[in-house]
Amino acid sequence: MKRVAWIYHPDYLLHAPPFEHPESPERLVAITDRLGAAGLIERMLPVTPDYPEDPEILSVHGREYLDKLETACRRGDLTLDSEDTYLNRHSFNIALLSAGGAIAGAKAVAEGAADRAFCAIRPPGHHAGRDAGMGFCLLNNTAVAARYLQARHGVEKVLIVDWDVHHGNGTQNIFLEDPTVFYFSIHEHPTFLYPGTGRRWEIGKGKGEGTTLNAPMAPGAGDAEYRTIFEQTLDPAVDRFRPEFILVSAGFDAHRDDPLADLQVTEEGFRFMTRHVLALADRFCGGKVVSILEGGYETSSLTSCIELHVRELLGE
Amino acid sequence: MFVARRMKKSLVTVPPSASLFEAQSRMRERTIRQIPVVSDDGTLLGIVSDRDIRAAVLPAGLVPGFTAGEAEKFMKDTAVERVMTRKVVTATMTDTLEDAIVLLHDFRVNALPVVDAGGKAVGIITRTDVLEAFIDALGVGEISSRLEVVVPDRPGTLAQLAAVIGSFRVNITSVLSTRHVEEGKRANFFRVATLNVGPIRKAIEEAGFEILDPSKFLLP
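For the record, the sequence lines run as chains S and D.
Following numbering that gives the first Met the number 0, the numbering of the first sequence begins with 0 at its first residue and continues without gaps.
Following numbering that gives the first Met the number 0, the numbering of the second sequence begins with 0 at its first residue and continues without gaps.
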């Protein structure tokens, strides 16, 4: 059995919507209940995340944006720019703690305390760009973890696999011109789904040309189509890139029961993707994988998929 | 919207005496595919495209023993006025973008030089400019979600739909309404600035409208 770090903090529940909203603390409550009942949490290594240091956040986000976010929360603003991205008085701190969770996962694996990590964190991050939060996301947790690994652990090349059903426009933009971070996203086609980016010809810019890879999926696509992309599109790219560390932006909203999208992925699809990424990590990265929670808004499928995901991480 | 808003004003031109070689080099430098030919006072005399130039050189190239050097010499010795199109399809400053789209389509041209009342070339609008206008109008690339709704073809339905969307305090960044394949119906496309389209879809369905299931389009 593999040692899997379990990153969670009860304060993650403090970022709560002031109106009805799919990205709610209940998601994490349901996840911890499910994993607890399945006896999985006790089989993982609990890690309590801490607040990140300034440079760790500033490696991804601009100071002005952080100030704006902090002020908005202190002032009691209910939203950041649009109703999508709500705030309460805790949101700034909890966004930092969420990014701290991704760092804690990366740290546990990089230092060898664990083989793999699952970060049950929120708010999610992959829509957050350097200077703007959007789409339920405030700070880009996965990007912060990638930069942390490069700055503190001498990791040169990081692969991000983003299987949230929405394109991670924030992550893509942050690393668009960076050849050291390979961003792969599989998502519902931008003509049909938020945020409307992630077309197949978006492949990076300048020095980063070729280290962004997008696989937009037609509405109705499911396990078989996902498998084809992983095997025929992702594999050759990873083969060329040769990452030292893999971060997964793990959203579970491509599931057929999720109300926010139109795809048909099942539990088996998520099991396949998890196994596939673990195999890539074994091949290139000494097995180092950190999975970071993004979206997933239908409780039953979210929890069943995460249970399977964690079982695979544990190597049952 | 008028052509003047979308046309390129920094117009690249050649005089009628310019050689094919000069015209081609200028097009390559500026990565354009056609170039208006104007007189000293800016009056539009014709237009020459990279295809016109290739077509002019081609017959000479068929002569046995014709070398690359001779082709270049031919291009340097031949003035654009000998190969340019004189009956130019043009737009005027007061033509609308719709006029330009129809002209480009109906006359099967790639570009319309824009002329003022005195016949002087003041700009050019190309198929690319028109596509750009479409990309903007469709809201492609704006952070948003898309909704496709089929409604009965009767007055007031678009307003009803907009009211439903508006009740979620969500911005509509693009609207398109077209004939639907089904008789008596219209398809309305919205781009809305939110990730959270689920509740909006539900409310639209509860208001009695049909949301198109995009996966159904893919069925043969």
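Among the hints, a few may not be true.
To be verified - SDA-like mimics (lysine to any residue), calculated; alpha carbons at most 25 Å apart, straight line:
id: 1; chain 1: S; residue 1: Lys206; chain 2: S; residue 2: Ser58
id: 2; chain 1: S; residue 1: Lys204; chain 2: S; residue 2: Thr78
id: 3; chain 1: D; residue 1: Lys201; chain 2: S; residue 2: Pro24
id: 4; chain 1: D; residue 1: Lys201; chain 2: S; residue 2: Lys204
Read the hints as simulated data drawn from the structure, not as lab findings.
From a predicted model like this one, the values you see are computed outputs, not experimental measurements.
Q) Which hints, by number, does the structure contradict? A) Violated hints: 2 and 4; rest satisfied.
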